[in-house]
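From just these sequences and the hints, can you work out the full model?
The lines below spell out each chain.
Number of protein chains: 2
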Amino acid sequence: MKLKVKIFYFSAGRPVAILNEDFAKKATIHVDSRISIEKNKKKTIAVVDIARKFLKGDEIVVSIEIAKELNLKENDLVEVRVAPRPESIGYIMKKLKGKEIDKNEIKKIIEDIVKNALTEAEIAYFVSAVYTKGMSFKEIEDMTNAIVNSGKKLNFKNKVVVDKHSIGGVPGRTTPIIVAICGAAGLIMPKTSSRAITSASGTADAMEVLCKVDFSLEEIKKIISKTNACIVWGGSLNLAPADDKIIQVERLIDLDPEPQLLASIISKKLAVGAKDVVIDIPYGKYTKVNYEHAKELEKKFIKLGKDLKIKIVCSLKEIKEPLGNGIGPSLEIQDVITVLKREDSCHKLEDRAIEISAIILELVGKVKKGNGKKLALEILNSGKAWKKFKEIVKAQKGNAERKIKKAKFSKNFVAEKNSILVEINTKALNYISRLAGCPLDKNSGIYLYKHLNQKVKKGEKMLTIYSETKEELKEAIEYYNKIEPMILK
Amino acid sequence: MKLKVKIFYFSAGRPVAILNEDFAKKATIHVDSRISIEKNKKKTIAVVDIARKFLKGDEIVVSIEIAKELNLKENDLVEVRVAPRPESIGYIMKKLKGKEIDKNEIKKIIEDIVKNALTEAEIAYFVSAVYTKGMSFKEIEDMTNAIVNSGKKLNFKNKVVVDKHSIGGVPGRTTPIIVAICGAAGLIMPKTSSRAITSASGTADAMEVLCKVDFSLEEIKKIISKTNACIVWGGSLNLAPADDKIIQVERLIDLDPEPQLLASIISKKLAVGAKDVVIDIPYGKYTKVNYEHAKELEKKFIKLGKDLKIKIVCSLKEIKEPLGNGIGPSLEIQDVITVLKREDSCHKLEDRAIEISAIILELVGKVKKGNGKKLALEILNSGKAWKKFKEIVKAQKGNAERKIKKAKFSKNFVAEKNSILVEINTKALNYISRLAGCPLDKNSGIYLYKHLNQKVKKGEKMLTIYSETKEELKEAIEYYNKIEPMILK
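For the record, the sequence lines run as chains A and B. Counting in the numbering used here, the first sequence runs from 4 upward without gaps. Counting in the numbering used here, the second sequence runs from 4 upward without gaps.
A couple of the hints might just be wrong.
[Unchecked claim] In silico DSSO-like pairs for lysine-lysine, Cα to Cα no more than 27 Å straight-line:
1. B:Lys420 x B:Lys372
2. A:Lys224 x A:Lys248
3. B:Lys29 x A:Lys400
4. B:Lys46 x A:Lys473
5. A:Lys102 x B:Lys102
6. B:Lys309 x B:Lys278
7. A:Lys76 x B:Lys59
[To be verified] Example chain A residues on the side facing chain B (calculated, C-beta under 10 Å, incomplete):
8. Glu24
9. Lys28
10. Val34
11. Val50
12. Val64
13. Ile67
14. Lys100
15. Ala132
16. Gln251
17. Leu255
18. Ile256
19. Ala297
20. Glu299
21. Asn484
Hint data in this document are derived by calculation from the structure and do not stem from the laboratory. From a predicted model like this one, the values you see are computed outputs, not experimental measurements. Built from N, CA and C at the ideal position, the CB exists for glycine as well.
What follows is the structure in structure tokens.
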């Protein structure tokens, strides 16, 4: 049936269309039904809400997401049909029962996720199935390919394209430093990053303090043609869009099943056309994985890389504390600038960025094996990395020398005795930063004055918690006092 | 913060509130955040949508669900706060990891479901966890109690309150016949029924052909005080509301984990105050469970009944075909009337209704063991059951003698040879009825002229498919021809 479009400037996190109640009754469409909306051969699927009164029978209200996707204008006529229950639901059920699903079944699930034929709850069933039943290598490879093929791709022809990924969980942004070094060395590095999931800041959140991170694929190509590299948010690019939606649902309860993690990371690398990739796997007491798990992940990454024709090196490193001084978007990007400008401190952050840059430089043959660190440090010390970073930030419509504000409220914590800082509960610091407002409030977070194994004197400042509101600061302080994440001996 | 209410006559299947974009940004609230909305000490939680343009900064649009719940009028001021991530998410995660959750953790999950603090996707994670990891008896009991205590309860003091439940999957409504017999025998039977989940018609869908099924708890008390019994939809009563929401999410992918099934059934019985309950467990090739599974369920029901202080008898019976002639709301209620009016045919439906009524009558001591069937049949034959049914329908604002319409379109299927009907694929008939428009189109469905082991002559009518639209009829016919659910030999 043809309905007249009313565009409604609201955003519902899922594509919603509102229909008139009497019309819906006649068409036996009810709340949460799925309908397909078509215009000029472009088609999308929306979830139905029902409205009384304010809508006529031949009208349909669509959210801006849908209007954008189908290029709709007010009063356009669209073809609306009831969308059948997607067959992929049967495959999700199959996986929940613990059976292996084949290439075509995985493809169908991923396609239905991309075209909104599956609701968030249905995607949650899929995530649960993958989490509780696991996936074979074959399934992970099929899922990776399905995710890559569900979206757009970047292609830099004969150029050397590199990428890196960190399994994460550790505050401290090595990525902008690595991208600056590799870009300055002439490599193409189209780095797409995520926003924070469980941490205080993702690389995208931190970069956003200085510049835009939200670009179209066309814009990114232009940025890279100017500067070799970029550091952008991957979420709106339509590179591996299925993965973005799955992560959105995982985020609800902080679930991160390993098969999905592997497919997610590798699909993003394939989508940007990277052939040489380093995976940074921090392990330790407060990181996402322990040593045994890190070794296992390494094995899986290397096997998947081989099968999917992409050179992968994993860099395992025990991490016991935040790499820099800051935790939170502004405070972490401030550390990055400090390193790039060669201004002192943050040695752990610098060391780790150099280590990973070195692996990349050696992997693509820019330098002989064993000489990577030397070259990376040269690029840093020469100021070329800082110059490259400024170029990238400028190309992303920002300014690397922009003044970074402090949050409105803060609270210092001092040592209560002369002692040594023997342990830092990084997970708790992350959580405290989130209570303080991270990642949405850019300037909130924690600044550390002391690092592991350093001596502290009674009354000496150990850290400051920053927040934009008194309430959040109070909550953060309460949790800090309860957990005591800085352990002195 | 205080915001001014704008009521928006739409229904989103979940409680949605729309906030102004700039306001939301300042308050760091984003799409899919949860907020609490409070007025006169009543509080609810809503999921946030963000609107541009049409909404002022100090305004909040709420759906009718929320307006009803909080008793809101246009321009009322409400207190709005960001709702923290519910701690029950941690317990869902725990269960997904396969760990046992304790009484308080289950209680928290159920409470958060009831107050909308968990989204559909989060409930899907819980359902998946229960499905893939199972639950101990202790957990099932704790969940049952949590579900009962999350809602309202009926209480008929010293009266004898009975109930029945069918594990379902078989077309044919025994419930209205059983309720009429038991009601006529002077028992209190506050029967709450579901709408169809995977079948062509639930008891509530079928009753709705004759009368209202959607009442408040107060109204039900009045109906029962007049007639001893009712047959209403359980979904809007706030008896075990957590269960209703869980079922809504299960329905998305037709998942029905056993621990949830047990807790769901028993909690509903406890909530209506029933002390003597029969569980009808049909088994066979095309039913929900096979014999072994039915025996297992019986054991579990009896143990749970004992622990939760409710007398439960399970009635296992092999069922190989629809109990009556009709499949679909109107066609099934027509069979019920035929039996109650003693008008012929539908012998299997009558037999099964008498069997279950007999168990109830014996269980409460209305008659000696062994004499239940005789009494049930007497009540039927005397016309008292039909009289009681008419009373109930009238009390539910309907008319049991209302003329039941036929659907607009139909198609007959005839036998292609002289033979015997040796098998009926009941599952396929159910699915065909749904394709034809059941349960939303009341008059759609299937009418069977032939039953198992009957002779059919070439050209003789076997069944008719009814539908309100040509398209649906076509789909139903196509599927019928593909599957051939009536097997002749």
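Interface hint for A:Ala132, Cβ within 10 Å of any Cβ on chain B = It holds, given that the least Cβ distance between A:Ala132 and chain B is near 7 Å, below 10 Å.
key: chain B contact restraint on A:Lys28 - CB to CB distance below 10 Å   = holds (9 Å)
key: Interface hint for A:Glu24, Cβ within 10 Å of any Cβ on chain B   = holds (8 Å)
task = Against chain B, run the beta carbon of A:Ile256 and see if the smallest gap drops under 10 Å.
result = The hint holds - A:Ile256 has a Cβ within 10 Å of chain B, the shortest such distance being about 5 Å.
Satisfaction of the A:Ile67 interface hint, Cβ to chain B closer than 10 Å = Holds, because the Cβ-Cβ distance from A:Ile67 to chain B comes to roughly 8 Å (cut-off 10 Å).
query = Given the proposed pairing of B:Lys420 with B:Lys372, does the C-alpha separation stay at or below 27 Å?
reply = Given pair B:Lys420, B:Lys372 is violated - Cα atoms ~47 Å apart, limit 27 Å.
ask   = Against chain B, is A:Gln251 within 10 Å by beta-carbon distance?
value = At 8 Å from the nearest chain B Cβ, A:Gln251 passes the 10 Å test, so the hint holds.
query = If you take the shortest Cβ to Cβ gap from A:Val34 to chain B, is it below 10 Å?
reply = holds (4 Å)
inquiry  = Given the hinted pair A:Lys102 and B:Lys102, is their Cα-Cα distance within 27 Å?
reply    = It holds: about 22 Å lies between the C-alpha atoms, which stays within 27 Å.
inquiry  = Just to be careful: measuring from the Cβ of A:Lys100 to every Cβ in chain B, is the smallest value less than 10 Å?
reply    = holds (9 Å)
request  = Grab the minimum C-beta distance from A:Leu255 to chain B and call the hint holds if it beats 10 Å, violated otherwise.
outcome  = holds (5 Å)
message = For a C-alpha distance cap of 27 Å, please report whether B:Lys29 and A:Lys400 respect it.
response = Measuring from Cα to Cα gives roughly 23 Å; hence the hint holds.
When each numbered hint is compared with the structure, violations occur for hints 1, 19, 20, 21.
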